[in-house]
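Trainee: As a plain string of letters, each chain reads:
There are 2 protein chains.
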Amino acid sequence: MLTQHTVRSFDRELDYLAKKIAEMGDHACSIVERSVKAIVQDDYRLADELIAEDVILDKAEREIDEKAILVIARRQPMAVDLREIIGTIRISSDLERVGDMGKNIAKRAAVIAGTRQPSSFYSSLEAFVALALRQLNEVLDAYAKHSLDRINAVRERDGTIDAMYTSLFRELLTYMVKDSHNITACTHLLFCTKNIERIGDHATNIAETAHYVITGSYPLLERPKGDHTYEVGMRKEVS
Amino acid sequence: MLTQHTVRSFDRELDYLAKKIAEMGDHACSIVERSVKAIVQDDYRLADELIAEDVILDKAEREIDEKAILVIARRQPMAVDLREIIGTIRISSDLERVGDMGKNIAKRAAVIAGTRQPSSFYSSLEAFVALALRQLNEVLDAYAKHSLDRINAVRERDGTIDAMYTSLFRELLTYMVKDSHNITACTHLLFCTKNIERIGDHATNIAETAHYVITGSYPLLERPKGDHTYEVGMRKEVS
Numbered sequence: 005m006l007t008q009h010t011v012r013s014f015d016r017e018l019d020y021l022a023k024k025i026a027e028m029g030d031h032a033c034s035i036v037e038r039s040v041k042a043i044v045q046d047d048y049r050l051a052d053e054l055i056a057e058d059v060i061l062d063k064a065e066r067e068i069d070e071k072a073i074l075v076i077a078r079r080q081p082m083a084v085d086l087r088e089i090i091g092t093i094r095i096s097s098d099l100e101r102v103g104d105m106g107k108n109i110a111k112r113a114a115v116i117a118g119t120r121q122p123s124s125f126y127s128s129l130e131a132f133v134a135l136a137l138r139q140l141n142e143v144l145d146a147y148a149k150h151s152l153d154r155i156n157a158v159r160e161r162d163g164t165i166d167a168m169y170t171s172l173f174r175e176l177l178t179y180m181v182k183d184s185h186n187i188t189a190c191t192h193l194l195f196c197t198k199n200i201e202r203i204g205d206h207a208t209n210i211a212e213t214a215h216y217v218i219t220g221s222y223p224l225l226e227r228p229k230g231d232h233t234y235e236v237g238m239r240k241e242v243s
Numbered sequence: 005m006l007t008q009h010t011v012r013s014f015d016r017e018l019d020y021l022a023k024k025i026a027e028m029g030d031h032a033c034s035i036v037e038r039s040v041k042a043i044v045q046d047d048y049r050l051a052d053e054l055i056a057e058d059v060i061l062d063k064a065e066r067e068i069d070e071k072a073i074l075v076i077a078r079r080q081p082m083a084v085d086l087r088e089i090i091g092t093i094r095i096s097s098d099l100e101r102v103g104d105m106g107k108n109i110a111k112r113a114a115v116i117a118g119t120r121q122p123s124s125f126y127s128s129l130e131a132f133v134a135l136a137l138r139q140l141n142e143v144l145d146a147y148a149k150h151s152l153d154r155i156n157a158v159r160e161r162d163g164t165i166d167a168m169y170t171s172l173f174r175e176l177l178t179y180m181v182k183d184s185h186n187i188t189a190c191t192h193l194l195f196c197t198k199n200i201e202r203i204g205d206h207a208t209n210i211a212e213t214a215h216y217v218i219t220g221s222y223p224l225l226e227r228p229k230g231d232h233t234y235e236v237g238m239r240k241e242v243s
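Protein chains in written order, with this note's numbering: chain A, 5 to 243; chain B, 5 to 243.
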C-alpha cells in the first residue's frame, strides 16, 4: 500500500505534469496568435521570430513524455491515475502540433510579405483564429477542472469552426479567380486557414482524450469532424 | 518476480499489440493508395467507398490504446517494455492520422470528379504517393525488426518527399495561373499533395518514436521537417 508520503509526492508529480501541459497550451496559443498577427500586419520580422520559437514546444513535449514514463515506471499507477498520465502524453502531442501550425503560418506569412488582400479578409481571419484558440483554451481549462459537460460542449462547437473555414476557403478562391497575380499568395493563405481549422481538430482530440481520462471510455466516434470544403463544388467558385 | 508463465503471456500481449500495429499500417497504406487511384482514374465510386472505411482505423487506434493501458496496469512493465507499449500508443495515433489523410484525399477526389489535369501530373502524383508509402512501410518494418540503422535512414530520406512535394506544388500553381477554371480543382489537388507530404511527416514521427523505444532517448530535434513550399516565392509562379 502507498504511504501518505508516497501519495503526496505522486500528487506532486501529477501536478507538475498538469502545470507543464498548461504552459504548453499557453505557448502554443501565443505562437498561433502572433503568427496570424504577422499575416494581418504584414510583419515578416515577427514571422521570423516565431519560426525559431517552435522548438521550445518540441522540447516541452519530450520533457513531458519522459517525465510521464518515469512516473508510470516508478509509481505503477492504476485506473484513473494511469489514464491521466497517458492522457498527458496524448495532449502534449496535440499541443506540439498546434505549435507546428503556428510555425507553418509564420513561414507562409514571411513568404507572402508585401502582398495584400481585401481588409475584410483579415478581419475574418482574426475572428477565425480567435474562435479556434477559444476552443483550445476552453478544452484545456475544462480538462484541468475535469468538467465533462464543458469538455463535451467543445466537441459540439467544432462545427462552427468548419463553417467559418469553408467560407474563408470560398473567399480566397474568388480572389484567385479574379486576378491570377493573387494565386500564389492566396494559396499560402488557404493553407494558413486550413492550419487554423486543424487547431479546432486538435481541440476536439484533446476533448476526446479528456473524456477518456475522466470516464475511462471514449465518446462516440461519430463526431463533427474537420474540413467541409470538400462540399465546395466546382461551379460555385469559378463562375 | 515474474514467473515463466507470466513472462510468456506478457510476451503474447506485446506480440498482439505489434500485430495490431502492422494491420493498422497495412490498412492505412491501402486507403491512401486507393484514394490516389480514385483521383488518377477519376473514380468517384471508389472515393465514396474509401470515405466509409476510415472509421475502421479510428476503432483500431482505440482498441490498441485500451489494450496497451490494460497491459501497463496489469503487468507494470519497466524500461524497454514500458517504452514499447507507450510507443505502440504513439504509433497507432500516427497511423490513424495517415488513414485520415487517405479519407481526406478520397473526399476531394469525389468533389473534383470530372475535372482533368495534364497526364504528366498524375504520373508524378502516383510516384509521389509510392515514395511516401514506401517510407511508411520501411519504418514500420524497421521498427518491427528493431533495426536502428534503417529507422534513422527513414528520417534522412524525408527530404526527398519534401522536394517532390514542392515541385508538384509549383506545377499545380502554374495550371491555376494558366486557366482560372482550374483553380478550384487544383486547390483540392494542392491539399491532396499536402496530405501525401504529411504521410512522410508521420513516417518521420514513427521513426522518432521507434528510436526512443529502442534506445531510451530521442534523436536530435533538428531533423529535415515537412513542407518547403514556403520557399515558393511570389514571382516564380505568377510570371
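It is worth saying that the hints were derived from the structure and are not from the lab. A few of these clues could be false.
Identical copies go unnamed one by one, so any copy, or any two together, can satisfy a pair.
As the list claims (entries may be wrong) - Subject to a maximum C-alpha distance of 30 Å in a straight line, what follows is the list of computed BS3-like cross-link-like pairs (lysine-lysine):
#1 Lys71 to Lys41
#2 Lys24 to Lys149
#3 Lys71 to Lys24
#4 Lys182 to Lys149
#5 Lys182 to Lys24
#6 Lys149 to Lys71
#7 Lys23 to Lys182
#8 Lys182 to Lys63
#9 Lys182 to Lys71
Trainee: Does each hint fit the structure? Answer for all of them.
Mentor: Now the hints, each set against the structure:
1. Lys71 to Lys41: Neither: 34 Å inside a chain and 44 Å across chains, both beyond 30 Å.
2. Lys24 to Lys149: within (15 Å within a copy, 34 Å between copies)
3. Lys71 to Lys24: For Lys71 and Lys24, both the intra-copy (10 Å) and inter-copy (27 Å) Cα distances are at most 30 Å.
4. Lys182 to Lys149: neither (49 Å within a copy, 54 Å between copies)
5. Lys182 to Lys24: Result: close neither inside a copy nor across copies, 47 Å intra and 50 Å inter.
6. Lys149 to Lys71: Close inside one copy (22 Å) and across copies (27 Å); limit 30 Å.
7. Lys23 to Lys182: Neither: 49 Å inside a chain and 53 Å across chains, both beyond 30 Å.
8. Lys182 to Lys63: Classified as neither: same-chain Cα gap 44 Å, cross-chain 44 Å, threshold 30 Å.
9. Lys182 to Lys71: neither (53 Å within a copy, 54 Å between copies)
Consistency with the previously given hints fails for numbers 1, 4, 5, 7, 8 and 9, ordered from lowest to highest.
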